[in-house]
Amino acid sequence: MASISPSIAVEAAVPGVAEIRANVVRRRRWDIVFAVVGFLATSVGVVTLLALFVDLVMDGYHRLTPDFFLSFPSRRAAEAGILSAWVGTCLVMMVTAAIGVPLAVSAGIYLEEYAPRNWVTTLIEINVSNLAAVPSIVYGLLALGLFVYALGFGQSILSAGLTLALMIMPVVVVATREAVRAVPHTIREAAYAVGATRWQATRDHVLPYSIPGIATGVIIGLARAIGETAPLITIGALTFIAYLPDPPISTKPPFVSFDWLWSGFTVLPIQMFNWVSRPGTAFHANAAAAGIVIVVLTLAMNGFAIYLRYRLRKRITW
Amino acid sequence: MSAVVTAVPFATQSVSADPKVKSRIRGLNFYYGNLQALKNIDMVVYEHAVTALIGPSGCGKSTLLRCFNRMHDLTPHTRYEGEIRLYPDDVNIVSSDIDPIEVRMRISMVFQKPNPFPKSIYENVAYGLRVRGVKARSELDGRVEAALRGAALWEEVKDRLEEPGTALSGGQQQRLCIARALATDPEIVLFDEPTSALDPIATASIEDLIISMAGSVTILIVTHNMQQAARVSSYTAFMYLGELVEYGPTTELFTRPRHQRTSDYLTGRFG
Ligand SMILES: Nc1ncnc2c1ncn2[C@@H]1O[C@H](COP(=O)(O)OP(=O)(O)O)[C@@H](O)[C@H]1O
Ligand SMILES: [Mg+2]
Chain X
1 MASISPSIAV EAAVPGVAEI RANVVRRRRW DIVFAVVGFL ATSVGVVTLL
51 ALFVDLVMDG YHRLTPDFFL SFPSRRAAEA GILSAWVGTC LVMMVTAAIG
101 VPLAVSAGIY LEEYAPRNWV TTLIEINVSN LAAVPSIVYG LLALGLFVYA
151 LGFGQSILSA GLTLALMIMP VVVVATREAV RAVPHTIREA AYAVGATRWQ
201 ATRDHVLPYS IPGIATGVII GLARAIGETA PLITIGALTF IAYLPDPPIS
251 TKPPFVSFDW LWSGFTVLPI QMFNWVSRPG TAFHANAAAA GIVIVVLTLA
301 MNGFAIYLRY RLRKRITW
Chain E
1 MSAVVTAVPF ATQSVSADPK VKSRIRGLNF YYGNLQALKN IDMVVYEHAV
51 TALIGPSGCG KSTLLRCFNR MHDLTPHTRY EGEIRLYPDD VNIVSSDIDP
101 IEVRMRISMV FQKPNPFPKS IYENVAYGLR VRGVKARSEL DGRVEAALRG
151 AALWEEVKDR LEEPGTALSG GQQQRLCIAR ALATDPEIVL FDEPTSALDP
201 IATASIEDLI ISMAGSVTIL IVTHNMQQAA RVSSYTAFMY LGELVEYGPT
251 TELFTRPRHQ RTSDYLTGRF G
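Chain order of the listed sequences is X and E.
Take the first sequence: its letter number 151 is residue 151 in the numbering used here, and every next letter is one higher.
Take the second sequence: its letter number 95 is residue 95 in the numbering used here, and every next letter is one higher.
It is worth saying that the hints were derived from the structure and are not from the lab.
Note that the Cβ used here is the ideal one computed from N, Cα and C, for glycine as well.
Accuracy of the hints is not assured; some may be wrong.
Taking lysine-lysine pairs in the DSS-like style, the calculated list, with each CA pair at most 25 Å apart, reads [to be verified]: (1) E:K135 <-> E:K119; (2) E:K135 <-> E:K113; (3) E:K113 <-> E:K158; (4) E:K135 <-> X:K314; (5) E:K158 <-> E:K119; (6) E:K20 <-> X:K314.
Negatives, chain X to chain E, calculated, CB over 12 Å [unchecked claim]: (7) S7; (8) L123; (9) L151.
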């Protein structure tokens, strides 16, 4: 068989190649060093969270019975539960979301789509980003003066919800602006070019396409609010509550009631704080159990935010 | 200057003997802040004809085109001076007395990169009607079909109108955008380099479409491709550094350019 393969000259060693190899090995070493350092640095966060959670679980796991969720607090640690606390947390979060989300989303959209670029807008923008850095206790003081006394809402679920709504606003405003900014300019042009008004372009395109990003911001904001203690203690959350607020839905007309808004309340982290500050390990087990519930709730919300972002983003392609 | 003739393969559209004027630009200046992008433009746009805007990149073609649908109103610190009069009612569409939305309801636009909404094919085409308040399903159905036929896309998509417009191929997406621009029965359709993001086959089909549309609608098209201008347009305007250097029937401009700059550009001496 006549082959047309060219002849290849093979040499055992080429001068210079050994040097190249040594050079590569020397430089590679630093790659490995940084990879190890980086991995250790990353592990600090994960290991700490894991250690905390394992500690909580060991202390509180045996208290996580159905009764724990269905009982009011009690003087006897073994009979105490978190019923009023988790119901309070749910109701406060409802108010926070119902008030905070529309306000923050409107503000974010206004700043991105409508606001003229001038010094007033710049001032508002600086203010909003600074609000995110204000310690939560300061929100509590503001709310005590404004909602509890000046507006006369009292030490109620309404006051608590409004306080936390203010607190999550900066997070949601920033998330909204980022999501809105990610909508390509060409999409807005397409809408305007067929005669849409600014509001139509916003309502029909910019807002719907930003929902994944906004929802992520909302959930992260709420997950932060769910663990807040200081501002709610400031406005006078109770630490021992053995009743539930009026139910929002009833079987009698008019079927919905807003009396619960004016009710006194407690929330999960405050209940936990209360138990931690008592002497005796029995109550500490209750605190650990409440802690597990809060951590699981927060992680679940963050997980859901990640899932939402992933799912909804995949459906929108430009 | 006869070398120019051989540089371009011709299939130029005919110029009618007594063309009607659709729009007249008079003393138009346009500014981005302090930068004057258009300088004292005078030009007419003939009805039911294709008019091409050519010239080197950055000469102001897109800027001139976007004056026609007041797209610049969306950019802060921009300013129009002079007139673009639209006939038959003889209004100055760049006057601040005229709402830009009114102008965009009469003059629609197809962009450089296909930009369908991430919605269904049907909703993409219907959107211009929806913003006007058209709700009746029968009217929407009829006009969506007519627009898709007008954009030579109906046969390809009639069985999947509910699928997302973004799932179509690039050429189909651009025809979808043309359908969206046609659905509202515009008087003028503006094209800004509509084939620059497309492959040669999709480009040819868009060019055929533009030629076929010209019977019923006035077309202004920006292109940096001289062959394309020669193929689709009846009139061509050559711009340079924000000025209109030369304007006339495409055949004349390409075969007997009156200005040295035009002939230099056509022969590829710069651009
Ligand atoms: N949004 C803008 N702001 C400032 N200058 C711009 C803007 N858009 C275009 N220009 C300038 O205006 C001139 C004309 O641009 P354009 O009309 O896009 O050119 P062409 O479409 O012919 O390539 C260029 O000098 C460009 O830099
Ligand atoms: Mg351009």
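TODO: Could you work out which earlier hints the structure fails to respect and list their numbers in ascending sequence?
DONE: 2, 4 and 6
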